[in-house]
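Participant: The listed protein sequences derive, respectively, from chains C and A.
In this text, residue positions in the first sequence follow numbering that gives the first Met the number 0: the first is 0, and each later residue adds one.
In this text, residue positions in the second sequence follow numbering that gives the first Met the number 0: the first is 0, and each later residue adds one.
No lab work stands behind these hints, which were simulated from the structure alone.
Please note that a few of the clues may not be correct.
[What the hints assert, rightly or not] Below, a sample of chain C positions facing chain A; criterion: calculated Cβ distance under 10 Å:
| no. | residue |
| --- | --- |
| 1 | Q10 |
| 2 | P99 |
| 3 | V111 |
| 4 | T112 |
| 5 | T129 |
| 6 | R161 |
| 7 | D166 |
| 8 | V188 |
None of these values were measured; they are calculated from a predicted model.
Quick reminder that beta carbons are idealized off the backbone N, C-alpha and C, glycines included.
There are 2 protein chains.
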Amino acid sequence: MELIKTIRQMQDWSEAKRVQGQRIGFVPTMGFLHEGHLSLMRYARGQSDHLVASIFVNPLQFGPKEDLAQYPRDLDRDLAMMQTIPVDAVFHPEPEEMYPPGYQTRVEVTEVTRGLCGAFRPGHFTGVATVVLKLFNIVRPHLAVFGEKDYQQLVTIKRMARDLDLDLTVEGRPTLREPDGLAMSSRNVYLSPDERRSALALSESLRLAQEMVTAGRRDAAEILTAVRERIESRPHNKVQYAALVDPAGLEAVTGIDNRAVLALAVFTGRTRLIDNAVLTAP
Amino acid sequence: MELIKTIRQMQDWSEAKRVQGQRIGFVPTMGFLHEGHLSLMRYARGQSDHLVASIFVNPLQFGPKEDLAQYPRDLDRDLAMMQTIPVDAVFHPEPEEMYPPGYQTRVEVTEVTRGLCGAFRPGHFTGVATVVLKLFNIVRPHLAVFGEKDYQQLVTIKRMARDLDLDLTVEGRPTLREPDGLAMSSRNVYLSPDERRSALALSESLRLAQEMVTAGRRDAAEILTAVRERIESRPHNKVQYAALVDPAGLEAVTGIDNRAVLALAVFTGRTRLIDNAVLTAP
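Using the sequences and the hints, build the whole thing.
Facilitator: Put into structure tokens, the structure is as follows:
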């Protein structure tokens with residue numbers, strides 16, 4: 000497994016594979032890996048001749064009051080976990096390599112980033128789209144794999160890739176969960192034991208919503224009220240948003256015809272958690 | 000010479016050359032070609048195994064009150080001119096191919112686009128950066144060549160290519176001029192014979208400015224006043240801006256130490272003309 004720190008070296012590595020007609024799979028991460036990341040890597044490895052993963056905590060996607068400084072990092076642990084896949088090349092640049100002095104280019108996906116997290120994290124998805132485009136240009140993958148837990152991010156990146164005519168496939172893979180249902184996230188480490196129990200309300204409320212739909216409820220407002228009540232019935236929890244949206248364009252829906260995504264952002268104590276599920280009407 | 004209308008076909012054409020290790024040169028244009036375009040194509044051809052040129056009048060870079068609808072077009076004439084180079088592939092997509100329904104991604108280069116034309120054409124350089132990035136992703140050139148007449152455009156595209164880690168070279172080539180000094184431009188066709196004479200004041204004022212610098216004048220305000228006076232001494236002419244800027248970052252300079260770019264935008268009648276020159280202190 001090669002650890003690559005510079006853009007030039009990473010581009011040369013990939014170009015050497017591409018001219019041999021070999022397929023490159025790619026999983027971008029912010030490190031502090033969990034089983035969810037590893038499942039993406041295993042999937043991408045199975046679809047490619049070579050697997051690249053990146054570890055880069057991207058300053059551009061954090062707001063001024065967000066957790067950039069304390070975002071958890073453990074490179075040695077991450078590398079050991081990647082070795083088990085195995086990953087062929089780990090791209091791990093310094094922030095100055097990605098954003099040198101004079102840097103001034105932004106990629107904005109305008110519509111799908113308007114609601115949900117985009118409404119509460121101004122600039123976040125511009126930061127995400129920009130760094131992911133840079134990483135795509137550096138790694139030049141044939142396939143890039145992202146988790147569905149960050150559903151709006153996945154839709155944004157798919158949209159960007161299509162709009163900018165990137166010659167690669169962007170694929171989303173299912174959220175991995177702890178045995179009790181909590182969606183895996185690097186940020187779960189912030190939770191106290193007591194908050195950890197309250198955080199279960201997110202996945203519980205997703206199941207509750209699907210049960211309501213299965214039982215014939217179709218009204219978005221009714222479902223969202225039940226979801227909010229379930230989440231805030233636990234201590235520490237404050238719903239930032241709970242929304243039912245179209246799976247493709249992320250526009251809010253008033254009722255569930257067929258499929259809709261229920262997307263949640265919840266503060267459990269000071270930790271912001273997100274989760275989502277596709278609800279399907281039988 | 001192949002005429003290619005779809006993104007998929009163009010990407011496949013280029014990929015077939017790239018896997019053979021062959022170099023692709025690229026000259027993007029909005030068509031209605033003149034000798035300036037052809038000189039870029041001849042240069043790119045000499046640097047590459049294959050030459051691609053595009054013809055696309057990009058709606059995204061025109062303001063609502065600008066000349067998108069009447070921008071001059073003559074595909075047959077353009078193709079005949081390209082045949083003389085010869086160009087190997089002409090990419091000529093419809094607007095719907097480039098911006099299908101749902102399209103929503105924008106590339107913004109923030110600092111070098113602030114002044115000069117950027118101050119008077121809001122969104123113009125975002126439109127330019129976006130379409131050029133798309134074209135780069137579609138054509139996948141090793142070398143892309145642009146005219147120095149659109150100096151701010153050239154700086155913007157170089158900056159974008161560097162910031163987004165595009166693995167290609169962006170090169171600027173000197174402005175071609177009519178025998179009397181008028182910078183070649185597709186928009187010169189808008190000028191009446193009388194306006195055509197007045198338009199000479201642009202290149203004359205660039206020469207005047209260099210003469211002042213050669214004669215020891217260094218103060219930007221003094222030079223710009225003389226430039227404006229020379230241009231507006233002719234009928235039909237109204238200066239939109241005349242600026243002395245740093246050649247790399249395009250920041251305004253107050254004096255000429257070594258090299259500075261004198262950039263002009265002038266309305267001659269209803270036609271907006273631009274021109275520029277690098278002034279060098281002896």
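Participant: All the hints need checking, so say for each whether the structure fits it.
Facilitator: Okay, the hints, checked on the actual structure:
Hint status for Q10/C: holds, given a least beta-carbon distance of 5 Å to chain A, under 10 Å. About 9 Å separates the beta-carbon of P99/C from the nearest beta-carbon of chain A, less than 10 Å, and the hint is met. This hint holds: V111/C has a C-beta 7 Å from the nearest C-beta of chain A, less than the 10 Å allowed. Interface hint at T112/C: satisfied, since its Cβ lies 9 Å from the closest Cβ of chain A, which is below the 10 Å cut-off.
The closest approach between the C-beta of T129/C and any C-beta of chain A is roughly 8 Å, which is under the 10 Å cut-off, so the hint is satisfied. For R161/C, the interface hint holds, the least distance from its beta-carbon to any beta-carbon of chain A being 8 Å, beneath 10 Å. Interface restraint check for D166/C: the shortest CB-CB distance to chain A comes to about 5 Å, inside 10 Å, so the restraint holds. Hint on V188/C is violated. Least Cβ distance to chain A is approximately 31 Å, over the 10 Å limit.
Checked against the numbered hints above, the structure violates only hint 8.
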